Amino acid sequence: MTTSSPAEFTEYWMRSRHVAGSFVRSMVRDEHAAEDVLQKVAIAAAKNFDQFDRERAFAGWLVGIAKREVAQHYRERGRDRHTFDDALVGQLADAHVALADELAERTTALNICIGKLPSRGREIIDLRYQQNLKPAKIADRVGLSATAITSLLHRLRGSLRQCIERQLAKEGGHR
Amino acid sequence: MSEPRMNPSRQNNPHRLIDAYIDSTLDDAGFARLCDWLRDDEANRREFALALALHAGIADWSSDRSGGLLIPELAELGNVLAANDESGWLDVLAALDDERDQATPIDFTEELARREREREERLARAAAAQAPPEEPGPRVVVIPKAVAWGGLAAALLLVALVIWPLLPERAAVNHTDATEPTAQPDAMPAPAPAPAVGRVVRSVGAQWVGPIGDDGKLRAEQSLTLTAGLAELEFNDGARVILQAPATLQPTGANGLRLVRGQLTATCPPSAHGFTVATASGLITDLGTEFGVQVEADGSVSTHVFDGSVTYQSNQAPADAQPELLFAGQALDAAIDGTARRVHAQPAVFIRDQEFVSLVQAGPTAYGRWLAHSHQLRRDRSLLAYYVPDRTAAQTMRLPNQAAGMRGSVTLDGPTLGPGRFAEKPALYFDSNEDLARIELYDTADDFTLMSWVWIDRLGASHVALLCSDDLAQPGAIHWQLEQPIEGDRWGVTLTLGGGAEIKSGGKVRCWGGITPADAGRWVQLAVAVSREDALARFYVDGEFVNAGGFDWDQPMRLGSARIGSLVDSAAYPKPSDRHLDGRIDELLIYGEALSAERIAQDYHAGRPDSGPPPAD
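From first to last, the protein sequence lines are chains A and B. Per the working numbering, the very first residue in the first sequence carries number 8; after that it's consecutive. Per the working numbering, the very first residue in the second sequence carries number 1457; after that it's consecutive.
This is chain A alone, in the form it adopts within the complex (with noise of 0.2 Å):
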């Protein structure tokens, strides 16, 4: 066993947290229940740390923690209607853990193209991140129909990806 400290594991997490973050986000759709799944991560990672082999990648170690993590969660507080099976979990997480190299200049890249966003849009942002609603209370906040909010998302968020696209062309990064 490994005697680790907690500047060693708080690096280890602060490489990761991302992929972690994306993966709980990815099974866990209610914003403040994904909170809690990914607080209860980062505990049983600081617990376990001790076992955690080097020679492997602590993403993948970490999302194995973070799959135990939403199991429990669904026994406790029963399945989304809209659950993936055992086998497209597993294929989920490989494809996140996948992505663990890129998802830290992806985020700078991210914060760089929301500032760009015109006010509306973070207007937007703001009701559907900030204040946790969902698009047919957007809507009734804003007086448009949910459709048209639907659709204002789907292109908020396809504005980003194509802004931090070009951001990480520009800095010579990933594809």
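A portion of the hints provided could be inaccurate.
Stated by the list, open to error - Below 25 Å or equal to it, Euclidean Cα-Cα: the simulated SDA-like pairs (lysine to any residue) are: (1) A/K141 x B/A1485; (2) B/K1673 x B/A1734; (3) A/K141 x B/R1837.
Unchecked claim - Some chain B residues close to chain A (C-beta under 10 Å, calculated; not the full set): (4) I1514; (5) T1900; (6) Y2060.
Claimed, not checked - Coverage of chain A stretches by chain B, computed from C-beta distances (three or more under 8 Å per stretch; other residues unrestricted): (7) 59–69; (8) 103–114; (9) 160–167.
Since the hints were derived computationally from the structure, they do not count as laboratory data. Bear in mind the structure is a predicted one, so any value in this text is a computation, not a measurement. For every residue, glycine included, the Cβ atom is placed at its ideal position computed from N, Cα and C.
Based on the hints, put chain B in the right spot on chain A.
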């Protein structure tokens, strides 16, 4: 409003399916198509993972914006460390702000080692005294969002200083004794006359019901009710509690109390760590240093942490369940049935030490009267927005929204601070059309009341903008202004109700009278209460009804992006210099209901700058 259905022509677009999955608008057939697409190809699963990473990234970005969790939490940790006389850590904290973006780890090795030694000594002393250790065993440690989602330096501090020492394996490493806490309780002393466990130190207008004598001493298990005012209690172990009426409590000992109903703020020095507040829903235990607790009539409890950390254990939880751990900036709303949810802490709702001292010092002055009323207003659930200029605005260039649980601060771009209604507080001073105070408020309200204390230096331009949405064409937009009379000298207070092109516009509601040039050079309270059901806007000046106007407006109010004291330059208003305020604004309130005349009068009398008699009941 029902959830949107996907246009059949787009239903197979993968990103549409992913977005619908993220936003929970996907139907069963769509979910099946999404699963089939994901199983098809590894490249498809990569696209899904990228889309979810984008979704997670936007959520992280939004949470960092809302309340700025990272920096306040770092500041709170710095306060804790500084209180332990680790003065060097204040320099470290300053460096954290600079180094955070560079993600350069700071070496906390020495501090970690010191805290580990202190913790071992504390556990050893507890074991030697055969008392239950201060840390009763394995706990679920909650990592604040700022650490879970970002912030290398914050993560290092919190993991190192809080999480790591609490992990049970580490608790066993250097202990020579068994780590299991003793199951033997201390022998309880025989019942005796209740000793004094604390005393009332100071109060503001306090009225009590219960066995509290002239000596102000608190005794265990004696029920006390504070029916009016505020009181500061000091417990024998050093904990200080500011209690806000109405509140009922029972001291449980030198280090705790039971809060049956009401609101308190507790500050616990190191000698009082472990102070408990028992409620019908659960037990709050202080780990150092300052927190607030609200207990409602139905027994639900809201716990807000301002400094340090506390634990919350639901009364419904099994005996071996891990308590919730809350850090500075975090809050927990818990019901008596055991359900709970995490929210952001609302320090503005609670009276803390500095504010209490101000109230004590203000005494029965007009300012003291207003200050007490202002604290009550912050808890008013009907308030959408409450802005009070204070001296910090000169540095921060912001006025935070003081209404409990509401977001949206005012950003200052030009206005300076000038004399307010009271010598103790300033007001926003506008003296040119370039002075802008921006507000963004996207909450909607069918009924609403706008209220402000205004000092007008000059009534010269054709209009004086008070609060105006940037785009009157937006649904729910409003303009609240003073308007020059066509003839005579009685100005009008106008409320223009806007709306989109496809929505029927309500037009302008005017109230003539109530303001004349003679009102320039004094503080005036202006208010307008709008009821959609009555289709009526009622105008008030200095708490008195002046006039009412009908309107035809079929949408809820939604201020949106707006300005205080000026109007945005637009095609509709090409001469904004005609519409800016020459004067000051001291307090702006937006209620999500149409206040009654009595309530508006109460607000006026509570906030007027003179020390005249209160209104008759």
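Here is what the structure says about each hint:
no. : hint              : in the structure
1   : A/K141 x B/A1485  : 20 Å, holds
2   : B/K1673 x B/A1734 : 20 Å, holds
3   : A/K141 x B/R1837  : 23 Å, holds
4   : I1514             : 5 Å, holds
5   : T1900             : 6 Å, holds
6   : Y2060             : 32 Å, violated
7   : 59–69             : violated (count 0)
8   : 103–114           : holds (count 6)
9   : 160–167           : holds (count 5)
The structure fails to meet hints 6, 7 from the earlier list, while all remaining hints are met.
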